[in-house]
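Peer 1: Sequence:
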Amino acid sequence: MEIFLDCLPCVLRQVLEASRMATVKTELQEKIMEESIRILADYKRYGCSPEMGRAVHRTVKNITGILDPYEKIKERDIKAAKRISPFLERFLQQKQNTLYWALKIAATGNIIDSAINNNLNIENCIEKELEKEFSIYDIEAFENKLQTAKSLLIIGDNAGETVFDRVLAKHLSHLNITYAVRSEPIINDATAKEAFDSGLGKYAEIVSTGCNIPGAVLQECSEEFIDILNNADLVISKGQGNYEALSDCGKKIFFLLKAKCPVISEKLNVSLNDYVFKYDEESLEKRS
6 MEIFLDCLPC VLRQVLEASR MATVKTELQE KIMEESIRIL ADYKRYGCSP
56 EMGRAVHRTV KNITGILDPY EKIKERDIKA AKRISPFLER FLQQKQNTLY
106 WALKIAATGN IIDSAINNNL NIENCIEKEL EKEFSIYDIE AFENKLQTAK
156 SLLIIGDNAG ETVFDRVLAK HLSHLNITYA VRSEPIINDA TAKEAFDSGL
206 GKYAEIVSTG CNIPGAVLQE CSEEFIDILN NADLVISKGQ GNYEALSDCG
256 KKIFFLLKAK CPVISEKLNV SLNDYVFKYD EESLEKRS
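Quick note on my numbering: the sequence shown kicks off at 6 and runs consecutively.
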């Protein structure tokens, strides 16, 4: 997905947040912001917003020497998500259409996004968010594929969200499930460490995309991951970053996310903060 002008101030705010997490030294924060502004001034060289995001967050790492500024935030988010995990399981058990609500639980985990809001009170938000229904829900295509599917690839997003994804993986555990994560720390996205910490390893094989961008940009993913993607019977892509990276790739992907910014909501033709489970048939038709 192309970069919009609205992405620029958002990325700049995000890197300021990261710089303050990485160091208390004002002179280093200033260097990070100055270099980031130079990167953003040349934004047209990047294929999508996640690629540009990697460039500015790499600046934070290079200048401060801190490889994972969000480490404590990710630990906090997983701990909070684990605390409400029993509630999520009970919530699902009380529902009749369990597939719908397992998908909704996984989508709701998308609110745990420190890149958007690092002061989120998960416990206070989660029950209200769970009851919101999907604005786009392409379940018919998913159920049709589910009848014969043997394998599922889930492309993960933020760290705390992995606990919610574990509920979905458990519900679909009759499938051979692979869960893909970032190759190294980037913002608050999940790496293998966070995926295993969440307990996902019990229900899925954890693999790396081979990509250290906050979105699975296929040109930078490993051959191993591309092979898994091409051979999976079902693919679920979590979150906005993966949507930005994959929405025009021509692959048969179900996008599961909350539209948390005006650019994404407009692209999807939904209201801000709506939940989406979308099978992107239009991009497939354009490439056929």
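Do not take every clue at face value.
Pairs of lysine to aspartate or glutamate, DMTMM-like flavour, derived with a Cα cap of 20 Å [stated by the list, open to error]:
| id | residue 1 | residue 2 |
| --- | --- | --- |
| 1 | Lys66 | Glu39 |
| 2 | Lys272 | Glu76 |
| 3 | Lys49 | Glu35 |
| 4 | Lys137 | Asp238 |
| 5 | Lys66 | Glu80 |
| 6 | Lys272 | Glu56 |
| 7 | Lys100 | Glu76 |
| 8 | Lys155 | Asp232 |
| 9 | Lys87 | Asp202 |
| 10 | Lys265 | Glu134 |
| 11 | Lys257 | Asp238 |
| 12 | Lys49 | Asp279 |
| 13 | Lys256 | Asp238 |
| 14 | Lys36 | Glu22 |
| 15 | Lys256 | Asp232 |
| 16 | Lys87 | Glu76 |
| 17 | Lys36 | Glu94 |
Just so you know, these hints were derived from the structure itself, not from any lab.
Peer 1: Lysine 36 and glutamate 22 were given as a pair; does the straight-line alpha-carbon distance stay at or below 20 Å?
Peer 2: 14 Å, holds
Peer 1: Mind checking the alpha carbons of lysine 87 and glutamate 76 for me, to see if they're no more than 20 Å apart?
Peer 2: Given that 20 Å is the threshold and the Cα spacing comes to 17 Å, the pair holds.
Peer 1: Quickly compare the C-alpha distance for lysine 49 and aspartate 279 to 20 Å and report which way the hint goes.
Peer 2: 29 Å, violated
Peer 1: Take the C-alpha atoms of lysine 256 and aspartate 232, compute the straight-line distance between them, and say whether it is at most 20 Å.
Peer 2: 12 Å, holds
Peer 1: For the pair we were handed, lysine 265 and glutamate 134, check the Cα-Cα distance against 20 Å.
Peer 2: Within the cut-off at roughly 13 Å; holds.
Peer 1: Is it true that the CA of lysine 66 sits at most 20 Å from the CA of glutamate 80?
Peer 2: 19 Å, holds
Peer 1: With a cut-off of 20 Å on the C-alpha distance, tell me whether lysine 256 and aspartate 238 pass.
Peer 2: 12 Å, holds
Peer 1: For the pair we were handed, lysine 137 and aspartate 238, check the Cα-Cα distance against 20 Å.
Peer 2: 29 Å, violated
Peer 1: Does the structure keep lysine 257 and aspartate 238 at a Cα separation of 20 Å or less?
Peer 2: Holds - the C-alpha atoms of aspartate 238 and lysine 257 are around 9 Å apart, at most 20 Å.
Peer 1: Next pair to validate is lysine 66 with glutamate 39; report whether the Cα-Cα distance is within 20 Å.
Peer 2: 14 Å, holds
Peer 1: Has the given pair, lysine 272 with glutamate 76, been kept, meaning a C-alpha gap of at most 20 Å?
Peer 2: At roughly 31 Å apart (the allowed maximum being 20 Å), glutamate 76 and lysine 272 break the hint.
Peer 1: Regarding the pair lysine 272 and glutamate 56, is the alpha-carbon distance no greater than 20 Å?
Peer 2: 19 Å, holds
Of the numbered hints given earlier, the model fails hints 2, 3, 4, 7, 12 and 17; all others are met.
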